[in-house]
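Residues per chain, in single letters:
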Amino acid sequence: MSVNADPRPVAIPRLLAVQIRAVLLGYWRIPLFAIFTIGLPVMFFAFFGLPQLHQETLHHLSVGAYIMASLGAYAVSNVLVYNVGIGQAQTRARKLDLLQRASPLPSWIAIAATMVGGMVLATISLLVLLVVGAAAGVSLPLSHWLLLVLALLYGAIPMLGLGLTIGYLGSSGNLAPALASLIYLPMAFASGILVPLPQLPSVVRAIAPYLPLYQVGQLGWNAVGAANESVLAAAWWTAVWGLVLGALAVYAYRSDQRRKFS
Amino acid sequence: MTTQPTDPVAAVELLDVRKNYARVQALRGVSLTIERGEVVAMLGPNGAGKTTAISLMLGMRRPSAGQVRLFGRDPGDRAARSRCGVMLQESGVNDVLRVFETVAIFRAYYPRPLPTARVLELAGLEEVANRKITALSGGQRQRLYYALAVCGDPEALFLDEPTVGMDVEARRSFLAGIRRYASEGRTVVLSTHYLEEADQLADRVVVIDRGMIVADDSPTAIKARVAGRRVSFTVKPAPSAADFEGLPISGLELRDQFVRFHSSNPEQALAAAFRRGWDIQNLEVVGADLEEAFVSLTTGRGAELAQTEERP
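Protein sequence lines correspond, in order, to chains U and S.
Every letter in the first sequence is one number past the one before it in our numbering, and letter 156, counting from 1, is 156.
Every letter in the second sequence is one number past the one before it in our numbering, and letter 55, counting from 1, is 1055.
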């Protein structure tokens, strides 16, 4: 019918690849932010892990491996709550989301790319920590190293939901940095990943199992053989938390979209 | 004029479109067809509904009632969206990135983009291509948004008040760029409240006021809608409105001794005034510009609307 046939829109996989690259480039361009998220777990490991690297825990595991697994849980979650959450909030504050919405880029691609980009940065953060751990003398069977990476990346998925929820809360996006710290830091302490569970006050210890980050810790400790709960239970609870926090993120996203685009 | 009557699909079609926000009626029954190749200025005061109309055309918002088509498709359709470039009134980019990187990202969203170097040249950004966006001036930033609008080599450009915040020189060269772009047979939809912008650029001016189209014509015809000349003078003693009865004038303004009116026949009006023996000084007779046409169109309409609004 039409004289100029419609050019076929850019294929979805290509759009996704372009957008993931854009997200990663954005992370790369704020070195301070990346140093904060990648450097902090390593720094904590140097402070708390190194001095007692070869002491043994109750499970005949080195304290070094235990702390590395804990801080691994901290590292991946940190990226997904801070970098993804605050990153998404900044996208909104800058009104980049409006321009994207007017472009041929589907909004779900933009979100998927944010999630994939976050997971990539989380993986990098985790791998840096593990390399530092191995170099410092933490020794584990190869299968445990692999299991640790997979378990922590799986365990971190609910944190992606938490990060996106934080990123979409508030009408302007200025709320996110405060909100992220307010939620994440206390939760990290109460979940036993910054301070070992047995050293927590009994009240906090009673609350810990009900926190999503606790399950990430359990998955990490399971992978190195130091958990106090079964891996199946932790995997199950992680899935539940994934659904809950994912639903929250969808709700926050929809409210934001309704406000701007209906 | 570069309309393409051979193509049955219009660039934009609004059919009796209404849009309500909470209790505000932003558009109240707008029907508008923009053919491919037309350069249309949407003109209206702040809050008239221009931005709402553009966001409906682009599928950024949904109409409360009525139909919107973009290249014959639902405006949310990627195939339609891939033929459009957009410059929004309020938007931003990830400003830690460099200029050329941002252009490269946005052009990858389009099926047949222009080369990045060509885009930078079109927007006059070659010299700052390597700069971080945080380091751009306001005018350069605006040019970047223009670059992002044209990078996909779109058939239709939508520009929502693109020259806001530009100085006179920047605005002139910017408008020249858009004119060049439009001369290649593209469709351009531009909203503005700068009247001379519409006059310079568009073949068609759609005047929107309070959510309705109050005029839709060529800039020349819009200007002709009001009396052809603006006449002003001072006269002693200060006249009253009654003194002007029977003269072929409209839009009479009196301020003490100062008199101003529009007239399609100023010679006759002035002859009559002189015959009445008035001591006329500081006489000026000038062509009414688009600005006045616009004011007379929107205020007239406003009064009419105010009356209809009182009814319910």
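Errors might be hidden in some of the hints.
Computed footprint of chain S on chain U, listed as stretches where at least three residues anywhere in the stretch have a Cβ under 8 Å from a Cβ of chain S [what the hints assert, rightly or not]:
#1 70-81
#2 91-102
Below 20 Å or equal to it, Euclidean Cα-Cα: the simulated SDA-like pairs (lysine to any residue) are [stated by the list, open to error]:
#3 S:K1236 - S:R1275
#4 U:K95 - S:Q1200
#5 U:K95 - S:L1122
#6 S:K1223 - S:F1244
#7 U:K95 - S:I1133
Ranges between beta-carbon positions, derived for each pair [to be verified]:
#8 S:G1066 - U:Y251: 21 to 31 Å
#9 U:W108 - S:R1023: 40 to 50 Å
#10 S:E1196 - U:V120: 43 to 53 Å
Treat the hints as calculated values from the structure; they're not laboratory data.
Every residue, glycine too, gets a C-beta built ideally from N, C-alpha and C.
Here's how the hints hold up against the structure:
no., hint, in the structure
1, 70-81, "violated (count 0)"
2, 91-102, "holds (count 8)"
3, S:K1236 - S:R1275, "holds (15 Å)"
4, U:K95 - S:Q1200, "violated (30 Å)"
5, U:K95 - S:L1122, "violated (24 Å)"
6, S:K1223 - S:F1244, "violated (24 Å)"
7, U:K95 - S:I1133, "holds (14 Å)"
8, S:G1066 - U:Y251: 21 to 31 Å, "holds (30 Å)"
9, U:W108 - S:R1023: 40 to 50 Å, "violated (32 Å)"
10, S:E1196 - U:V120: 43 to 53 Å, "holds (50 Å)"
Hint violations for this structure: numbers 1, 4, 5, 6, 9, all remaining hints satisfied.
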